[in-house]
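Student: My request is simple: use the sequences and hints to build the entire structure.
Using UniProt numbering, count along the sequence shown one by one with no gaps and you end on 65.
It should be emphasised that the hints constitute simulated quantities derived from the structure, not laboratory data.
None of these values were measured; they are calculated from a predicted model.
For every residue, glycine included, the Cβ atom is placed at its ideal position computed from N, Cα and C.
Mixed in with the good hints, there may be bad ones.
What the hints assert, rightly or not - Distance ranges between label pairs, derived from CB positions:
{"id": "1", "residue 1": "L6", "residue 2": "N49", "range": "27 to 33 Å"}
{"id": "2", "residue 1": "L58", "residue 2": "A37", "range": "37 to 43 Å"}
{"id": "3", "residue 1": "Q64", "residue 2": "A23", "range": "16 to 22 Å"}
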Amino acid sequence: LVEGILSFWASIHALNLKASQMALFSALLLLVPTRQALSQSPSILRLRNKILSILEDLIREDEQE
Numbered sequence: 001l002v003e004g005i006l007s008f009w010a011s012i013h014a015l016n017l018k019a020s021q022m023a024l025f026s027a028l029l030l031l032v033p034t035r036q037a038l039s040q041s042p043s044i045l046r047l048r049n050k051i052l053s054i055l056e057d058l059i060r061e062d063e064q065e
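Tutor: Structure (structure tokens):
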């Protein structure tokens, strides 16, 4: 279990995300519309899509700099 967590963290770290990008990425990981603890899946999916769009924009802006 620990080895899997460390491997996952190494993969995330390799993305070299800025703090704002990491915050949005973390939100994406939490907002999975099929997660049983979440209700209102369509609303969650819309929010997740907005967050993904913003994250993509931030990454594109970062690449252009």
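Student: None of the hints should be skipped; say for each whether it holds.
Tutor: Hint check:
no., hint, in the structure
1, L6 / N49: 27 to 33 Å, "31 Å, holds"
2, L58 / A37: 37 to 43 Å, "28 Å, violated"
3, Q64 / A23: 16 to 22 Å, "21 Å, holds"
Hint check: a violation occurs at hint 2 only; the rest are consistent with the structure.
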